[in-house]
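Asker: Assemble chain B onto chain A, guided by the hints.
Taken in sequence, the protein lines are chains A and B.
All the letters of the first sequence, read from the start, carry residue numbers 1 to 154 under our numbering.
All the letters of the second sequence, read from the start, carry residue numbers 1 to 627 under our numbering.
FYI, nobody ran anything at the bench for these hints, they're computed from the structure.
Just so we're clear, the structure is a prediction, and the values are computed from it rather than from any experiment.
Some clues are possibly wrong.
Unchecked claim - Computed list of lysine-lysine pairs in BS3-like fashion (alpha-carbon distance at most 27 Å, straight line): (1) 195(B) <-> 55(A); (2) 85(A) <-> 125(B); (3) 134(B) <-> 120(B).
As the list claims (entries may be wrong) - Residues on chain B that point at chain A, a partial pick, calculated with CB under 8 Å: (4) 59; (5) 329; (6) 333.
Virtual Cβ for every residue (Gly too), placed ideally from N, Cα, C.
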Amino acid sequence: MTRRRAFLIVQSVLCALAAGLLAAAALSLYFDGAAKQAEGEIFYAMYTREKVEEKLRPILPLLLGSLGMTCGGLILGVRDENLDKPARDDRLLRDLGSIRDRAVHQTAAPKELTLRAAILSLAAVLIIAGILNGGLEEVLAKGAAICMECVGLG
Amino acid sequence: MDKTEHNRAAGQEKFRKPASRGLVQLYAALLYNANLKGFIDGHIYAGDLKAVCVPGLNCYSCPGAVASCPLGALQNALNAAGHTAPWYVLGMLALFGVILGRTICGWICPLGFIQEILHKIPTPKIRKSGGTRKLSYLKYGVLAVFVIALPLIYGVGKGIILPGFCKYICPAGTLEGAVGILQNPVNSSSFFQLKALFTSKWVIMLMIGLACVFCYRSFCRFICPLGAIYGFFNRFALAGVKVNPDRCNSCGQCVMKCPMDVRHVGDHECISCGKCISACAQGAIAFKCGKITLQGPEIGRNADPPSTIQKRKKNGRIAWSIAIAVLVFAVGWFNVIEPVVSKANSSAAAMPMEAETANALGLAVGTEIGSLAPDFSTELLSGETFRLSEHRGQVVIINFWAVTCAPCIQELPYYEQLKTAYPDVEILAVHHKAGAKNAKAFLADKGWDHLDFALDSKEKGILPLLNASDAMPQTIILNKQGAVTYNAQAPLSYNQLEELYKAALTDKTGAPTAEKESIIPKPTAETAAKPFALAGIGLPSNKAVYSVTVVDQNAHPVAGVMLAFCTDTACRNSDYSDENGKITMMLEPDQYHVQVVDLPDGFDGAEEPELYMGPESGEATLTVTRK
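If we strip away everything but chain A, and leave its shape as in the complex, we get (with noise of 0.2 Å):
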């Protein structure tokens, strides 16, 4: 094994492990308040600022290093060899003489044009509408409001 390949496994094995430290870390406060409100306790809160700085104490170093290394390894240049070997795919490389016909050509053809014109006049029409039945309106309460199911929050 290469010493480069030793390195970015040695990586993924600390980006694997923080990530999974990090999903512990809220399963386990979640799990420890479902199970004090299962006991009654109502307003037992799962999260706090304090709990939350409590579980992550131990997994930072382990970020930390894994930051490093990422910076070290950026720094040296370290990267998959693979990374720019062509395409592992059977369709792709039968597809390929059709190609040239397929793309998106630098000279839109009529139709095309045609339709990015109907598009574009549809958007505007659709705006001003939305404008006048109340659409922005709708979008401003929405966005002037932390949404916390959004956010995971609510």
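Answerer: Positioned in the frame of chain A, the structure of chain B alone reads:
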């Protein structure tokens, strides 16, 4: 070294990397999140620009976000499709799609930028294959189910707000929104709301992040429904990577070297990253916007003439100068000018009379726990006027809600239930003026006759006066004296609401006798930030119930007696005894010395001057002497 070998294989002497793309991505991320002060003060931007969507995936609950997320707005619009057709958002998506297509993903999507940074972590990489190509169709399923079907079925069919993708999957919401909000100590109380939903979203975000380390743009390629939408427009989009068929020899280097799952240049998977431009030995590929070439072949066969390249570079420098000026203006506007203008326009201030009342009670005017809530008046939807000071002597609950907020909608029936069970409580539900039409439509058939509903503007009126949070629902509970006993952004269950109401009912903060007789522990900054660690309010988790029955010498119950429950360091005054002579207190388990504070006329003191109650909850009888 590998790079050089690869370029030789492609028939090129040098490899030109489109380095400017990273800068454009960084620029877009900064421009979308120009409200930098939001990260410091912990509040999101709530100005009128939030009515506009940005092209890329950028959570509108991120403290820095200055405009809305198109995907979140689409789900919200589909949720509300029962009463407002989603034309506006569809129009915006069509406009972005037809002009830029998936160039947005490759150049101006902040989440795409984050994925590319993660992929730079040196690990073995998973290359594209037939498997990843099949997996790339998953995003169309995510689009159909989570973005279209769930919001439509729940919103139109059941009247329940469910932005399926945002709620269950979106890593941008977790990273930019949740982490962005929680990182600020000002929002420490938001931690109390985190439950199963956050846990699952956190784990999903980590898994997606990890996948991006090993597999290029995993989220973008396999999951992102916004990319799926823009993919439909890619073929007709004005901007994008395009092929000159006269130069192309179908060698396939462009497709094989492309990190995305494309079959040909510019198809629905192409994000116009431009890697194919440098991979093409024929100089057949260029990045164009209409007839303007933004990036063309600069080296090798069929390269553009030096004069064209120089002209393009000069135009690029001009474009960058304009772009930087726009960014500087945006940062200045959102962080310096706009806050000053908003503050000047705001008329929110406590009424002078309230300051006098607060001074008399020894309280500060404010919305922190233990402060006297500022007085205000507002017009209700019923047409009547609500004035807070007219409800002194009642427990008042003020709830901030929005028709677009699912937890708010789930919680509102509990307030109606509480009001039905305890008619003495006054409940005011306040909605932002934006979205008023939908709020009225929502309330029309609910029959919640016991609640008072009001509409208010975010710049003037109750919302700024009570320092309402950006997060909803928020509930403020005032005791009979108008002092704040609870203030938090969290959805409440009925049991929690009832407990908090009962606690406010017995809370004596601001009561004249309390001022003279007892020492009420003032909330610290730390406890004030925590919704459930309220100073002096009984909580079931760490409180015990102490019950005293006050009787006279003939064992008849005596009403109108106030007691003080004292430890070595502080006293808590009780409410007056009821007609059964009963006084109930929820206190921290401790040794309490119970003293008489106030007696009705005709009584001159307790028979036993010393009454002690132990750390465990319990009952006792106190006999007072009738003259």
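Asker: Check each numbered hint against the structure and report the violated ones by number, ascending.
Answerer: Violated hints (numbers, rising): 5, 6; every other hint is consistent with the structure.
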